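*Asks:* As a plain string of letters, each chain reads:
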Amino acid sequence: MKSLLGSQNVLDSELDLLLYEFDGSVEKARPDLVVFPHTTAEVSRIAKLAALHEVPIVGRGAGTGLSGGALARGGGVMIVFARMNKILEVDIENQRAVVQPGVVNQDITRAVEDAGLCFAPDPSSAKSCTIGGNVAENAGGPHTLAYGVTTNHVTALELVLPDGEIVRLGSKHGDANGYDLCGLFVGSEGTLALVTEITVKLARKAQAVKTLLAIFETIEDASQAVVEITANGITPAACEMMDGWTLRVVEDYIHAGFPRDSGAVLLLELEGLPEAVESQAAAIEAVCGKCHARQVRLAKDSRERELLWKGRKNAFGALGRIAPANYVLDGVIPRSKLPQALQRIQEIGKKYGFHVGNIFHAGDGNLHPIVLYDPRNPGQFDNAIAASAEIIRACVEMGGALTGEHGVGMEKNELMSVLFTDADFALMRRVHDEFNPDSSLNPGKIFPLSKGCGEIRIKKKGTAGVAL
Amino acid sequence: MTVAADRTARLSEALGAKRVVMADEELATYVIDGLVPSAIVRPASAEEAAEVVRFAIAEKVAVLPVGSKSKCELGMTPERYDIAVDMAALRGIAHFDAGDLTLSVDAGLPLRELDAFLKEQGQFLPLAVPCFESTTAAGAIASGMDSALRLQYGSPRDFLIGAEFIDGTGSLCKSGGRVVKNVTGYDLHKLLIGSLGTLAVITRLNFRTFPLPAVSGGHLAGFDDLQSALEFRNAAAKAGLPLANLEVLSQEVSSMIRAILQKSGHPHPPGLGQQDWAVYSSFEGNQQVVQRIERELETIARQTKAVHTAILEKAEDESLGGMLRESFEWLRWASPANVICRLALPQVNAATVARLSQLAKSVDLRSAVLLRATGIFYFAVFAESDDPQTVAPLSKIVIGVRAIAESEKASCTVLHAPTALKKTIARSDSMPDAVLQQRVKRAFDPSNIFAPGRVVGGI
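Keeping their order, the protein sequence lines are chains U and Z. Reminder that position 198 of the first sequence reads as 198 in our numbering, one-by-one numbering, no gaps. Take the position in the second sequence, starting the count at 1, then add 468; the result is the number in our numbering.
There may be inaccurate statements among the hints.
[To be verified] No more than 35 Å apart at the CA atoms, straight line, and that leaves these computed lysine-lysine pairs for DSBU-like:
| id | chain 1 | residue 1 | chain 2 | residue 2 |
| --- | --- | --- | --- | --- |
| 1 | Z | Lys587 | U | Lys86 |
| 2 | Z | Lys864 | Z | Lys877 |
| 3 | U | Lys290 | Z | Lys587 |
| 4 | Z | Lys877 | U | Lys201 |
| 5 | Z | Lys877 | U | Lys127 |
| 6 | U | Lys313 | U | Lys201 |
| 7 | U | Lys205 | Z | Lys587 |
| 8 | Z | Lys782 | U | Lys201 |
[To be verified] To give an idea of the chain Z side of the interface with chain U (calculated C-beta under 7 Å), a few residues:
| id | residue |
| --- | --- |
| 9 | Arg625 |
| 10 | Val648 |
| 11 | Thr652 |
| 12 | Arg760 |
| 13 | Pro814 |
| 14 | Met899 |
| 15 | Ala911 |
Keep in mind that the hints were calculated from the coordinates and are not lab data. None of the values given here were measured: they were computed from a predicted structure. For each residue, glycine too, the CB sits at the ideal point set by N, CA and C.
Just chain U, same shape as in the assembly (with noise of 0.2 Å):
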């Protein structure tokens, strides 16, 4: 590997090796050597040598994601995508750029901004995360409430199949022949191919932008306000709700100007013509009202709404302050649900020992409780976990699945038979081995290890370190 990509490409120590076991998940997982491609045919040769040795291989962009999807579960070759990381191509005039997996989200934005274009698609770590793991996950975000996810942002790939073969799909308007290959191959966590190259929708920025900041005395009311929002049609671009407990949190760290007496807010951004967004701000505003909102703020300027925004996107890092470990669970439940999802939260947070916090997309009802806990003391572990899983049943149960934008990695690939039957799996199974045979490719992700579907079948000659 070493004589291919040279040294500086290729780290293999101990200490190296340790850095690329975490993610942002609470998963770990240790490659056997951690390799950085510069091209498209770098990849290729890397996923046939791995091949050649029988040695699993898994995708990974800035590690950020929260499902263990960038672990190397079973050993194996990493290839890390950094340093692919060139936007290749702006097409103003028909909003397209295409980019290398390696760009972090915000670069894209930073590129067309000026044009007056965007790439809508927002994780809260758009600052360091990258697109390549953005199309793995099919990442979301706040903002894609009324702009989508990833995926509806994607109009042609370029991959790396687990064998070396370079394949492209879709094209750049986005209509292609055939099936819908982007619409596959975009979320499929890694495990059907390797992705080297993007081609995205650039969205334009609106005429005009407010943000609204409701405050209410209760969760119960905050969460009843959406599902009045969302009832009346009213679709702004982003509903974000914070409880009272995270957010005197944030507000201890950030400052950004949360109430810290009040029960709940809900963050909330109106974009269009000025004339849509200013029935839609009076629109909300009777909701908010009707459901007992103490105050309904509108941020007066750009300073204001950025840091109403860098409390909301900072609030897994202040929350960092207060315990050695969060967990940031991710469900989703039809937006009718919420109070009852969000009652049902809090009844599992108390039967486990935890507070759970609420910090999330509540405008497509995309819940992220936050469990904080002690990593050193093994019971609490085990704990969070399960609070987890019956959070997700919970979720489940009330119409919803088990993950709306993280992915299932191999956080909840146990959980999968709770929304899939044998016949579902016996599917993606095959359409996973039409792409992935050996399992080489990120394996033990999204099906359930469990179930006789889904065993790691890797057929691993020694570590790729003795054999590489």
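Following the hints, put chain Z in place on chain U, whose structure we already have.
*Replies:* Below, chain Z without anything else, positioned relative to chain U:
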């Protein structure tokens, strides 16, 4: 291969004689490109549909799921077609969560019924597709036809949130769910869009719905040349106006629409068909939003040298919008034999359109151009009789359009062509990822029983 009589008897036995039809006169109404199935099966449940598929696997016969049969000609001629699985009896609304704006419907539910149901709830599904009056929900998805509202609401891949279907092993499977944001498992339901019945028998579809807009409006601008019409379109896009639809129409298209509306006694916008090119815009929102867009479009029209503009009356807007939703439908009946190609290209410029028009002129045939703002481009060429000599030049058109599409990095689909011509154009070189497509087909349909060959490239 035909379904042997004793096998059919067994099928009748399993599903009840009422479900299985073999009468010639009925079979004739299920004909596709001259192919007549040996039996029609009308399952009353997803389980019965699965039964048919398992029967087909065991007997090695080919099945094709059908809905209202409004667009059966889409795609290539299937290599085999033994059983038509008519899904029209599965037509319920399985689930509707008004507060969540989500909906789950059976495959055979007519879009029109669905639309009426949602309207009562103040909601709608932005599937403004051709054959709207007859098409079923699953037909609209499997056909992959464009929605006229795509500019604002996206294509079905943006609002189809889950599906249930019978795969090629005869198992009832599902993908996605009933929530608006979901990354649990592979997005297999997206593959069903435009799959033409070659991957699975769809039994249920889950959608995200949208609130009905309070007010809508329409605008028409006429131009002497295409360049100005395209400038109008580009300026409207740059202004960030939230348009629901924007279509550039050649005079041929405008005149045909006007003639049809006049003949059927429907109102038509003043000036329609009088300029070489027209641009229709539709938009929605509250009163102020609609008025603002009307004002801005009028300004842009002046700046781009429009020779005629009209803010449309509600009735005019509805008839023109309705006609444009149905373009595919009336274009295909506009002459005894014709070809309709759909191109999807990143950028349409006047030169591309000129090349296409020249192609039709070179064989002395009339052509029509209709360009949607989403980069979808319909190009129709009409032969005035269906005798083989008149039809022959149409194959030259298809070859020419494909060559132009290739040079423009556009994808090209032949939506409609005379049956004889279709047999000569089923080729795969327009699909560089055909090998990957085949892998998907194999995973869904390992016995190759679902309408084999119907997707271009022999898939």
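*Asks:* If a hint holds in the structure, say so; if it does not, say that too.
*Replies:* Hints versus structure:
Among the hinted pairs, Lys587 of chain Z with Lys86 of chain U is inconsistent with the structure: their alpha-carbon atoms are about 48 Å apart, more than 35 Å. The suggested pairing of Lys864 of chain Z with Lys877 of chain Z holds, with an alpha-carbon distance near 20 Å, which does not exceed 35 Å. Between Lys290 of chain U and Lys587 of chain Z the CA atoms are separated by roughly 26 Å; this keeps the pair inside 35 Å, and the hint holds. Between Lys877 of chain Z and Lys201 of chain U the alpha-carbon distance is near 16 Å, which keeps this suggested pair within the 35 Å criterion.
A distance of roughly 33 Å separates the Cα atoms of Lys877 of chain Z and Lys127 of chain U; the hinted pair therefore holds under the 35 Å criterion. As the CA atoms of Lys313 of chain U and Lys201 of chain U are separated by approximately 24 Å, the hinted pair is consistent with the 35 Å bound. For the hint pairing Lys205 of chain U with Lys587 of chain Z, the CA-to-CA distance comes to about 31 Å; that is within 35 Å, so the pair holds. The straight-line distance between the Cα atoms of Lys782 of chain Z and Lys201 of chain U is roughly 33 Å, inside the 35 Å bound, and the hint therefore holds.
A cut of 7 Å between beta carbons decides the hint on Arg625 of chain Z: the least distance to chain U is about 6 Å, and the hint holds. About 5 Å separates the beta-carbon of Val648 of chain Z from the nearest beta-carbon of chain U, less than 7 Å, and the hint is met. Restraint check, Thr652 of chain Z versus chain U: the minimum CB separation of about 4 Å is within 7 Å; hint holds. With a cut of 7 Å, the hint placing Arg760 of chain Z at the interface with chain U holds, because the nearest CB-to-CB distance is about 5 Å.
Evaluation of the Pro814 of chain Z hint against chain U yields a held restraint, the C-beta minimum of about 4 Å falling below 7 Å. Residue-level restraint check for Met899 of chain Z holds (minimum Cβ-Cβ distance to chain U is 5 Å; threshold 7 Å). For Ala911 of chain Z, the interface hint holds, the least distance from its beta-carbon to any beta-carbon of chain U being 4 Å, beneath 7 Å.
Hint 1 from the list above is the single one not met by this structure.
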